[in-house]
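A.B. asks: What follows is each chain in one-letter form.
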Amino acid sequence: FRFVLCTSGDSVKVYSTRTEEWLHSLQGHTNQVTGIALNRANHLQVYSCSADGTVKLWDFIDGILIKTFIIGYPLFAIYVSEKHDGIVFLHIAMDTDSKNECFQLVAVHLPKSAEQEVEAKELSAVSSRISPNPSCTAFGREGQYIAFARHLQLNVYFFRKQKTYSFSLKATDKKGAKNAFTCIACHPADDCIATGHEDGKIRLWRNFIHTKEYTYSTQHWHHNAVNTLCFTPEGTNLLSGGIESVLVQWQYGAGNRKEFLPRLGGSILHVSTSSDGQLFCTSHSDNKITVIESSFKVCGVIQGLVKGDAVLTDLMIDPRSKALVLNGKPGHLQFYSLMRDKHLYNLDIVQQEYIYEAGLDQFEVVKAAFDINGYWLATVEERGQKSSDLEFVLKLWAYDERTQSFVLNTTITAAHTDRIISMCFSSSEETTMLVTTAEDGQFKAWCQGADADTQQDQSFWSCEFVGSYHNLKPTNCSFSADSSLLAVNFQEVITIWSPDTWELLTTLCQPPGVVRDLCFGRLSCSKYLIATTTRNLLCCWNLLTCALEWSTSVEVSKLQPDPLSENVAAFSYQSKHTDLFVFKPSEPRPLFTHKNMCSEKIHRAVFVPREEPLNNCDESSQWLNRSQLYFLTQNMDLLTFSTATEEDRMLSSSKRLVIDDSVAVTPFYLLLGKHRQQQQKLNTPSHPAADKPQQPQGSVTITELLHTPAHVLPAASVLCSMLVSSLLISNTGVRKDPLREMESSEQEMNSEKEEEHSEEEMEACDSQQELRAQGSVDEVTPKLSKAQERELKRIRKTDFSWMTGLIDSKP
Amino acid sequence: MGEFKVHRVRFFDYMPSGIRALAFNGDTERMAVARMDGSVEIFHCSDRFFQEKIIPGREQCGIEGLSWVGERLFSAGLNGGITEYDLTNQKVKYTIDAYKIPWYTFLVGCEDGTVKLFEVNEDKIQFERNLDRQKSRIVSLSWHTSGSKIAAGMMDMIQIFNVETGHSIHRMLADRGVGTSRSKECVVWSVVYLSDGTIVSGDSVGMVKLWDDQTGTLIKSHNVTKCDVLALSVSQNEDSLVAGTSEGTVVQFQFVSMVLGKDDKEWVRTRTFKNHTHDIRAVAEITTAVVSGGMDAQLVVKPLLDKIEVRSAASALRKIHFPHRRLVFCARNSGLMLFQYPGHLELWRLGESEGKGSSLFVKRNPEKLLHLKVKGEDHIRCSAVSPCGEWIVYSTASSLRLYRLHYQRFLFLFFQISKLPKVLSSANQLCFSSDSSHLFSASTQSSVHIVSLSQSGCKFVGTLKPKSGSHQAIHLLAASEDGEWLASANSDHEVHIYNLQTRKAHCTVPVYSSAVTAMGIHPTTNCLFMMYADQQMCEYSIEQKQYTDWSRTVQRKGLHRLWMERDTPCLNVMFNPQNPSHVILHDTYMLCIIDQSLPLPDDKTQFYNQLTLKSLTEDQRKSHSHAFKVCKTFKDILCVELISDQSLVVVERPLEDVATQLPAPIKQKKFAT
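Those protein sequence lines, which keep their order, are chains A and B. Residue numbering for the first sequence follows full-length UniProt numbering, starting at 1 and increasing by one per position. Residue numbering for the second sequence follows full-length UniProt numbering, starting at 1 and increasing by one per position.
Worth double-checking, as some hints may not be accurate.
To be verified - Distance condition first, Cα-Cα at most 25 angstroms in a straight line; then the derived DSS-like pairs of lysine-lysine:
| no. | chain 1 | residue 1 | chain 2 | residue 2 |
| --- | --- | --- | --- | --- |
| 1 | A | K161 | B | K319 |
| 2 | B | K274 | B | K670 |
| 3 | A | K170 | B | K226 |
| 4 | A | K178 | B | K274 |
| 5 | B | K91 | A | K258 |
| 6 | A | K170 | A | K121 |
| 7 | B | K319 | B | K635 |
| 8 | A | K212 | B | K307 |
| 9 | A | K201 | B | K91 |
| 10 | A | K212 | B | K274 |
| 11 | A | K201 | B | K670 |
| 12 | A | K83 | B | K262 |
| 13 | B | K262 | A | K212 |
| 14 | B | K274 | A | K258 |
| 15 | B | K459 | B | K375 |
| 16 | B | K262 | B | K220 |
| 17 | A | K161 | B | K226 |
| 18 | B | K93 | A | K170 |
| 19 | A | K121 | A | K67 |
| 20 | B | K91 | B | K375 |
| 21 | B | K262 | B | K226 |
| 22 | A | K161 | A | K201 |
| 23 | B | K226 | A | K201 |
| 24 | A | K163 | B | K635 |
| 25 | A | K170 | B | K667 |
| 26 | A | K163 | B | K262 |
| 27 | B | K667 | B | K604 |
| 28 | B | K124 | A | K178 |
| 29 | B | K504 | B | K545 |
| 30 | B | K220 | B | K184 |
| 31 | A | K258 | B | K220 |
| 32 | A | K258 | B | K670 |
| 33 | B | K635 | B | K622 |
| 34 | A | K258 | B | K124 |
| 35 | B | K265 | A | K212 |
| 36 | A | K163 | A | K112 |
| 37 | B | K465 | B | K93 |
| 38 | B | K149 | B | K184 |
| 39 | A | K322 | A | K297 |
| 40 | A | K178 | B | K375 |
No lab work stands behind these hints: they were computed from the structure.
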């Protein structure tokens, strides 16, 4: 088995390179994990360091914490070398204020003691001229020297001689090259240091024990900074990567001979090789790990929630797959299953090759909307936000049952004369209508009309109505629950239109303040219209009387109605933190308030309908019974609320898991033990699934079969039928699990997509209104909360047990 | 600084010839450069690459290889001759026909596939024997230091010969290129035989390959370029190797130990220099720099910073485009210009202008009066036009011709003076006296012949001989305005001053370590003003036979750093007749007026201060101004001359114009173009 380890928030995740499955995570750090390094003395162990000031030694195959070394300072990177047994090298900040970016490299002698937690206080500084970038430090051949670069200076420190050699480059030369170092790698067998530079050059330094007669050769392929360099373990090749998202393999010693692996996704941030050189691994800025064979073929992709530069679209739920939909890869919409915490697929909206280069103005998906059945998808893509010449395209996509995907139906290049601000589909079942509002002061209604010109059966979308109001700029539009009314706000004024006759029914106005967001109430509250203004006013109108029902002074940045209940969630941003209010439009009192939820402004939120409603009687969490609220912070962290029972459930299942894992692992146990576990879990009374599945018989049969000595067993033909029958029963048993059903249906639906595994999910758990927001500041690698992981683990187990029968039946 | 009317001349279509071969002599620090037109130039490497000697070429004389043997220089050309040069007199000593010898020197590989061995005798070379005859032609050759083995680069292969038996020891096949170039044969353009038995080859496929001569096997190959590797050169201690490619890049390889502190070394490709636009035909690694030359006719000296102790102006990147000799001569009193091309002379009359301001209206266009082709195959060595414009003289290696021009308003008469004195058979340098009555011709053994000119003809007057008895050829002559003095400078850095009245040597200026690049005698004070290759300047009073006070001050205070860092030598010294304290100098990039009455700048003062001075008031200007006034309006200057009506003639040859006349370089795909 082979594993890929990556740091992720406060844990280290272990993935299988063969199946790309997430195996487990090494948890125990209390702050962000900043570096990992394999223990050279024992290749099954790994060191990890964290900003919480500890170095931990793990057995990464079983996920067991072996030792904790307390250093006492925030640690920023870790390096080990085989020649320095029992010593790790760490980056620590020199000064307490991080603005100075003064880091020093220290060698720490790890004390050999049997205790679990040891304090390591033997620190000795190696150098204080260290770049904050961890990839600017590398160990040379046999750990004899360490090379580190900062800005324009390369330093090589020889441990035996205790001498540092420094080499400087000029900041710029005549050709305007930027020479600052960005990364370093040392050849494993030769005394050769490879350095990457800001302008994309790679220099190979030799003879660096002479201050004058040192020499280097330069190779240039990357057009932007080289982010990472790595020699293969044999030293025959050098791998480099940068923003171009092309992995380049340079043949060592053969000058310019190189191979390329292009179009890997986001820009390459790290490259590493397995110890035998069979596999390479690249991590990308869009939350992805690619596993590459040494023959330079991609053999696996581990994809998280695709992280772009910004989420411009709203958070949406695809009504069919119940997947979360938002901006993914540049020019794509990503479909992300929240249930399975898995990236499903990307839908290419722009349908143009994206060029990974800084400073290019390329098409981006800025708006997207689904109709209520999930049959239509409308998207707006834009280019030239910064410059004056704005280009935008409105596209309508129809769901194709055959391909199980969205197919482009209509492309409208000049839908408006200026930028589209918002759009929404009518919510009625019979006729589908799209309304767009734009900065040119008009709103347009689009209908799927049987155009006389086109003879095809396919019908395309065309404009049905153009509306405006006193040349004011429309901002938001919304259909009432039954689609009988359309509300469009023109700055301070909300206009109510009838979509059937396109008649202006009434106007509502509550100056001062421009309307920021508006929505209709649902179900029993559908007679209400709620709007927020820039002057900190939340108003609720009764549409039957056309009178203001109530208003309250609260600064609301986002209103989000729950489609399955009357509830409306309002995010209020005041004095540098966000508060959440959940209320029913019929009464001005909030059902639920949560103060100081997070410190960032919330602009995107969505209610995700539950598969089945919870019967939660707790007053404070009743609003979560029918759907779950997810919201996105500005740091691209996706947060959600969960109830106490959910949390309990996850905890209990995970506890059992931990116990089971500590039992000695035998091959049979791998197959059967986990299966047994699942039975236990399914039998637990705490499990919320109301319809308990039948006790699967299969495993019992197999156990009996295996426990019986061979000489007393009946004939194989008898056993065979037994096995087959056990298989069938176990299958049906599992199928009845609602989770399992959901998963299989999803798999069918997205049969074409790659097998991916994903995370990037933070969950704020709450029962006593204690919300733990795990802030991550400049996180590159994805994160997963405990609860979510547990859920995942459960899913994985289900999967595995299902396989049990199959594998077992083969011999 | 004074105002001048400037004739900006750009119709001198001088084309420097491409560089074909380089040979470095480490003992004398001289670099011999052979050009396409057959001329050979000697540069002094430690004297800021001053072009000491020029041996003009001949028609149909292509040099293919150059080699030093001790202090003797040999060349081999495509016309099948081996030539030895007489460096003191700057001419060809003798040529031996070796039957179709294309390439290398006195150990000669022939087009017909033989390697001929020649013995170098005291004054001649003698054919010794042939090595085994091969089928294909031999393109390159290299000796092993032991002298027992020779490596020869041929078509598609390299052969090693044992010199004693004359038999081939190994044949090593060079791979052809892939794809379409598969069908073309691979030319091994260059081989280098290292003392440890490694043979390095550069071929037309773009590979630099390292071979083992014991086993005849390939050790390593480096793909350097997509085009040809045309030249290779190894440093004297064999730890560095440079390869010149037809893309115009020079690639350096270094013999570096892969594991520090251990002895197992490998050749590793390190730096790449790109200073040429066209094929590099020759490279040479000298002690502190890499010298390369090619089709674009420039000689580039790229210093190796790791070999240089102290960084200074002498160790900067240097590009030599134009010869360090004058090619343009002005008839001061009649507004005529003489342009010296390798094979012909052109005489032009300057245009006239009217009006005032920074640019003047041209009243009359410049006019080409004469196109004078050289008789015979030899190229022109030197030429001159008299100040009155009536006499033109030129000399090749074998003959000297004097012409008289006579022109009235519209009538232009031109005839050759037929009866010349016998001493005027050939000259190294020619000069007229200021009243055009005498011609001075520098001859062998540093002697100068004086010939008086008159309407009826010319008459030999006498010979001036230096006391020192130096044999080196004179490369500069300067006559004083009053006709009393003549100064001559030779390649031994000696400057002799003769009294023309007594026709005797007057005195000798103390010998300086650097060569004189330009000199002039002041019209009123009769001081000799000299410029040296290392940018120093001296003023020597002829009458008092000593340096002037001003010159001593300059030596004591030192010159400004920016002045010393200029990389082209001063090529002419002139004196402003209206202000005797003004000395006018020029090099390739600037024109400078030295005002001897103003204080000298020290390193702290701003050297290029024209703009600052402009912004100051009259009073402040005085305290800020210093002796050096530099004008950088003109670029790529070949010659600046002061003519009698207070106007300057500036002859420019823009490098862009030169580049457009070169053949198109190899096309290369450049990123983001």
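A.B. asks: Give a verdict on every hint.
C.D. replies: Evaluation of the provided hints:
no.	hint	verdict
1	A:K161 - B:K319	43 angstroms, violated
2	B:K274 - B:K670	14 angstroms, holds
3	A:K170 - B:K226	30 angstroms, violated
4	A:K178 - B:K274	18 angstroms, holds
5	B:K91 - A:K258	52 angstroms, violated
6	A:K170 - A:K121	39 angstroms, violated
7	B:K319 - B:K635	14 angstroms, holds
8	A:K212 - B:K307	8 angstroms, holds
9	A:K201 - B:K91	50 angstroms, violated
10	A:K212 - B:K274	22 angstroms, holds
11	A:K201 - B:K670	15 angstroms, holds
12	A:K83 - B:K262	20 angstroms, holds
13	B:K262 - A:K212	19 angstroms, holds
14	B:K274 - A:K258	22 angstroms, holds
15	B:K459 - B:K375	23 angstroms, holds
16	B:K262 - B:K220	20 angstroms, holds
17	A:K161 - B:K226	44 angstroms, violated
18	B:K93 - A:K170	50 angstroms, violated
19	A:K121 - A:K67	15 angstroms, holds
20	B:K91 - B:K375	18 angstroms, holds
21	B:K262 - B:K226	34 angstroms, violated
22	A:K161 - A:K201	31 angstroms, violated
23	B:K226 - A:K201	20 angstroms, holds
24	A:K163 - B:K635	50 angstroms, violated
25	A:K170 - B:K667	30 angstroms, violated
26	A:K163 - B:K262	19 angstroms, holds
27	B:K667 - B:K604	47 angstroms, violated
28	B:K124 - A:K178	58 angstroms, violated
29	B:K504 - B:K545	15 angstroms, holds
30	B:K220 - B:K184	23 angstroms, holds
31	A:K258 - B:K220	17 angstroms, holds
32	A:K258 - B:K670	18 angstroms, holds
33	B:K635 - B:K622	29 angstroms, violated
34	A:K258 - B:K124	54 angstroms, violated
35	B:K265 - A:K212	18 angstroms, holds
36	A:K163 - A:K112	29 angstroms, violated
37	B:K465 - B:K93	23 angstroms, holds
38	B:K149 - B:K184	29 angstroms, violated
39	A:K322 - A:K297	34 angstroms, violated
40	A:K178 - B:K375	58 angstroms, violated
Hint violations for this structure: numbers 1, 3, 5, 6, 9, 17, 18, 21, 22, 24, 25, 27, 28, 33, 34, 36, 38, 39, 40, all remaining hints satisfied.
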